[in-house]
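Below are the chains, spelled out letter by letter.
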Amino acid sequence: MIELDAGAPFDQHRATVKSEWIDWNGHMNVGYYVVAFDQATDTLCKQFGCGFEYTRDKIGMTFVLEAHVTYDREVKEGDPLRITTQILAHDAKRIHYIHAMYHADEGYLAATNELMLMNIDYASRRSAPWPDFAMERIEKMAAAHAALPVPKQAGRLIGLPKKK
Amino acid sequence: MLASLPYELPELVTRAPLDTHRSTVLPEWVDWNGHMNVAFYVTAFDQASGAFMRNMGLGRRYVDGKLGMTFVLETHVTYDREMKGGAPMRFTTQLLERDAKKVHLFHEMFHAEQSYLASTNETIVMNIDYATRRSAPWPLPVGERLETLWAKHRLLPKPAKAGRVMGLSKK
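From first to last, the protein sequence lines stand for chains A and B.
Taking numbering that gives the first Met the number 0, I'd label the letters of the first sequence as residues 0 to 163.
Taking numbering that gives the first Met the number 0, I'd label the letters of the second sequence as residues 0 to 170.
In case anyone wonders, no lab produced these hints; they're calculated from the structure.
As the structure is a computational prediction, the values presented were derived from the model and not from experiment.
For each residue, glycine too, the CB sits at the ideal point set by N, CA and C.
Heads up, some of the hints might be wrong.
[To be verified] Among the chain B residues that face chain A by a calculated CB cut under 8 Å, a handful are:
(1) W31
(2) A38
(3) V41
(4) K101
(5) I123
[Claimed, not checked] 20 Å max Cα-Cα, derived SDA-like pairs, lysine to any residue:
(6) A:K45 to A:A127
(7) A:K57 to B:G33
(8) A:K75 to B:V62
(9) B:K151 to B:D18
(10) A:K57 to B:E81
(11) A:K17 to A:Q38
(12) A:K161 to B:V62
(13) B:K83 to A:R125
(14) A:K161 to B:Y129
(15) A:K161 to B:A99
(16) A:K75 to B:Y129
(17) A:K161 to B:K101
(18) B:K83 to A:L64
(19) A:K161 to B:E96
(20) B:K160 to A:K17
(21) A:K57 to B:W31
(22) A:K151 to A:L108
(23) B:K65 to B:T131
(24) B:K65 to A:N24
(25) B:K100 to A:P160
(26) A:K151 to B:L167
(27) B:K160 to A:L64
Can you make the complete structure from the sequences, with help from the hints?
Put into structure tokens, the structure is as follows:
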């Protein structure tokens, strides 16, 4: 397994906005923000041995149960992205975490994505506890991230502001 | 605010919930887990939001005519069941709230043949002025259509999966 990165937040994932991610409004489409975030989830899962090989070798999979995205600012074709990840909580089968996407050159926050991810047994396609090798690393990362403040975009309820 | 739109608006569908949108899981939406990838649920729901907006009179001509655009501000998805490549999808859409510039929508995605609930999406969409790329009030005829729809949709019960806050259950 790769060397564990216990930096807080986890700050390895980089990407570039592809031309096919652009819609008729001339910016990255809402669905492709989630493509970019899902690739950042892959980078995270590799840290604890649950990346592509985990599924290719028919050991297990990871499924997203729930996701919340805030679209904070537009990004355009060719823009460089930096995505950081903070683990908020975890249990025997799940992790709750939040990604923050920044324009890598200009530094502004473009979007956030809060997620609930569950470990899945390959054969049964049902939830299963994290393998020991993964849990050990999740706990180390979560311990490193515990000192971080909870981002204001985490735990949001969707709604329009109430008036009258 | 735009007082009118320079094209003919489609006949308004006021069914509650709206249930006109249909789609199919494209092969390129399937990931290494052998099911529709999380991101393409959002793409599929975005197309359902597009269908809602067309019903309001804000389709492709609204953008191509350089009148305005609609931007998603925030979205919340529950992934309830897997969908495989080629699966037919049926969507329902409920208007949960509206104001001068925004709508708060709730979509449900069903497998169109097996009828199970595959996913839900709660989303906030805002009207945008084309030139400034900033928020702007709905064009007048759109605001009127929203009120007509709201009169029906406000009578629907609030969906159980709307208004969720994510977290691990405390034990």
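Comparing the hints with the structure gives:
Interface hint status for W31 (chain B): upheld, as the beta-carbon distance to the closest one in chain A is roughly 6 Å, under 8 Å. Proximity of A38 (chain B) to chain A holds as hinted, the smallest CB-CB distance being about 4 Å (cut-off 8 Å). The restraint placing V41 (chain B) at the interface with chain A holds, with a minimum CB-CB distance near 5 Å, inside the 8 Å limit. Checking K101 (chain B) against chain A: minimum C-beta separation of about 6 Å stays under 8 Å; hint holds.
The interface hint given for I123 (chain B) is met, as the beta carbon of that residue sits about 6 Å from the closest beta carbon of chain A, less than 8 Å. Under the criterion of a C-alpha separation no larger than 20 Å, the hint pairing K45 (chain A) with A127 (chain A) is consistent with the structure, at around 18 Å. Taking the CA atoms of K57 (chain A) and G33 (chain B), the gap is about 12 Å. The hint holds against a cut of 20 Å. A threshold of 20 Å between alpha carbons decides the hint, and for K75 (chain A) with V62 (chain B) the separation of about 17 Å falls inside it, so the pair holds.
A distance of roughly 14 Å separates the Cα atoms of K151 (chain B) and D18 (chain B); the hinted pair therefore holds under the 20 Å criterion. At most 20 Å may separate the alpha-carbon atoms for a hinted pair to count; K57 (chain A) and E81 (chain B) meet this at roughly 18 Å. For the proposed pair K17 (chain A) and Q38 (chain A), the alpha carbon gap of about 13 Å is at most 20 Å, so the pair holds. Distance restraint check for K161 (chain A) and V62 (chain B): the Cα-Cα separation of roughly 29 Å exceeds the 20 Å cut-off, and the hinted pair is therefore not satisfied.
Between K83 (chain B) and R125 (chain A) the alpha-carbon distance is near 16 Å, which keeps this suggested pair within the 20 Å criterion. Restraint check for K161 (chain A) and Y129 (chain B): not satisfied, since their Cα atoms lie roughly 27 Å apart, outside the 20 Å limit. Restraint check for K161 (chain A) and A99 (chain B): the C-alpha separation of about 13 Å stays at or below 20 Å, so the hint holds. Taken as a hint, the K75 (chain A) and Y129 (chain B) pair is honoured in the structure, with Cα atoms around 16 Å apart against an allowance of 20 Å.
Taking the CA atoms of K161 (chain A) and K101 (chain B), the gap is near 13 Å; set against the 20 Å cutoff, the hint holds. The suggested pairing of K83 (chain B) with L64 (chain A) holds, with an alpha-carbon distance near 16 Å, which does not exceed 20 Å. Annotation: proposed proximity of K161 (chain A) to E96 (chain B) holds, straight-line Cα distance about 10 Å (limit 20 Å). Between K160 (chain B) and K17 (chain A) the CA atoms are separated by roughly 33 Å; this puts the pair beyond 20 Å, and the hint is violated.
With a C-alpha separation of about 11 Å, the suggested pairing of K57 (chain A) with W31 (chain B) holds against the 20 Å cut-off. This hinted pair checks out: K151 (chain A) and L108 (chain A) have alpha carbons roughly 13 Å apart, not beyond 20 Å. In summary, the hint linking K65 (chain B) to T131 (chain B) is supported, as the alpha carbons are separated by about 11 Å, within the 20 Å threshold. For the proposed pair K65 (chain B) and N24 (chain A), the alpha carbon gap of about 10 Å is at most 20 Å, so the pair holds.
Taken as a hint, the K100 (chain B) and P160 (chain A) pair is honoured in the structure, with Cα atoms around 12 Å apart against an allowance of 20 Å. For the proposed pair K151 (chain A) and L167 (chain B), the alpha carbon gap of about 18 Å is at most 20 Å, so the pair holds. Among the hinted pairs, K160 (chain B) with L64 (chain A) is consistent with the structure: their alpha-carbon atoms are about 13 Å apart, no more than 20 Å.
The earlier numbered hints that this structure contradicts are 12, 14 and 20.
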